[in-house]
Amino acid sequence: MIILDRLLVGGLSFVLRTIQAAVERELTDDTALREELLAAQLRLELGEISEAEYVRLERELLDRLNEVRARQRGEGDDAPAGEFRVTGAEATFTGDEHR
Amino acid sequence: MASRRKRSTHARQSPRAPGKRKTGRAGAGGRRSAAPAPVPSAVPRPTPAPGRAAKSDGRGKYVYCIIHSADLRRFGAIGIGDPPAEAYTVPYRDISAVVSDTPGEALDATRENVLGHERVNETVMRSYTVIPMSFGTVFKTDDDIAQLLRGAYEAFRDVLEKMQDKVEFGLKVLWDRDVIVQQIESDDEDIRRLKSEISGQRGSTYFARMQYGRLIETALQARADRYVGDIFEQLREVSVASRANKPIGDRMIMNAAFLVSRDKEAAFDAKVKEIGAIYDKLNFRYTGPWPPYNFVNIRLKLERAREAE
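From first to last, the protein sequence lines stand for chains A and B.
Here the working numbering is used: the first residue of the first sequence is 1480, the next is one more, and so on.
Here the working numbering is used: the first residue of the second sequence is 4, the next is one more, and so on.
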């Protein structure tokens, strides 16, 4: 059971403008690249790669992430990149609650 | 001994990290490394607002967290940016967002930026219970943020209440496969016998090796499940909630976050150390306290803005 407590489910009607949506990830499929980045961080933390190697890897992975996002943004959508309206928000508690 | 490092990386995967935290390795003698900033699990992507994205004046408001406070407050020049931007509150009724100005350009989830995000949350966390936002959340103006607070006011209040005086700890457990395989061989007579048959056998050992491999895999999985189940069980009574995230890489068997009441922090800490001493073949990476990244889910519903507006 992951979601224990749904404190609010949608239904909001306010509208606001935003650039750079935190949730754009919902629109893109970059899971594998993000996992690679996490793996690189772990290797640095474990001392398996040097700081310099990490920085190089990080740059490479972030560039690829940006490419994926740019490509996905570009597909079938002529809205300006990065500009969104927020039409609702929800905040919930997640996790496995210990009773 | 598991000593905790406050400090550096995280998981949901979430942004974590400032260097001043210590990260602990149980079972090993707390090596200190400049750990990388964890990538937020909810990693938002830093999207540039390109010039043609109209209406953007090239600046935005980066949101770090939501707190229960009605005060106009400044936290100093500790935000994302070079030089670091001033972090301040944008209130709505009795809750506030902690924000800073940010250039309206792409914000990559580099360690530097993630550390900036984390630095602010950590600072704010010393005085308030925080609902951390994912890395990369940027709005256009303070007014937009006030609208966000108004729109989700009840939800933010409920979550803040739920998180009151609670912090998150991360616990990653890794093992050295070869060491565990040796243990399995010494514990399991069938596997040991099969192995010696293989080494003593003439001719093809293909099928025996296949069988050996399968048995080892099964035994490894069973052992990982047992260890992880046991560790979760032991930490249950000293934590409020937990979350099992996907392990990173093939040596990690557990990648968990625990929500802990401030008044149980010492007990949680002691328990982790105790577990680290029991499982001396496992490598524990224990971090915190963090804002409760893994226990709060904030979702914004988005629509692409149209230029016609």
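Think of the hints as simulated: they come from the structure by calculation, not from any bench.
Hints may be right or wrong, so weigh each one.
[Unchecked claim] Just some of the chain A residues that point at chain B, by a computed CB distance under 10 Å:
#: 1; residue: 1511
#: 2; residue: 1517
#: 3; residue: 1531
#: 4; residue: 1544
#: 5; residue: 1566
[Claimed, not checked] Now the in silico label distances, taken between C-beta atoms and shown as ranges:
#: 6; chain 1: A; residue 1: 1518; chain 2: B; residue 2: 283; range: 32 to 38 Å
#: 7; chain 1: B; residue 1: 249; chain 2: A; residue 2: 1577; range: 18 to 24 Å
#: 8; chain 1: A; residue 1: 1538; chain 2: B; residue 2: 73; range: 38 to 44 Å
The structure presented is a predicted model; accordingly, all values stated were derived computationally and were not measured.
From the three backbone atoms N, C-alpha and C, an ideal C-beta is built for every residue, glycine too.
Results of checking the hints against the structure:
1. 1511: Interface hint status for residue 1511 of chain A: violated (12 Å vs cutoff 10 Å).
2. 1517: holds, 5 Å
3. 1531: With a closest approach of 12 Å, the residue 1531 of chain A hint is violated.
4. 1544: holds, 7 Å
5. 1566: holds, 5 Å
6. A:1518 / B:283: 32 to 38 Å: Roughly 25 Å apart at Cβ, these two residues miss the hinted range, so it is violated.
7. B:249 / A:1577: 18 to 24 Å: holds, 21 Å
8. A:1538 / B:73: 38 to 44 Å: Holds, since residue 1538 of chain A and residue 73 of chain B (Cβ atoms, about 42 Å apart) stay within the stated range.
In summary, the structure is inconsistent with hints 1, 3 and 6 from the numbered list given earlier, while agreeing with the others.
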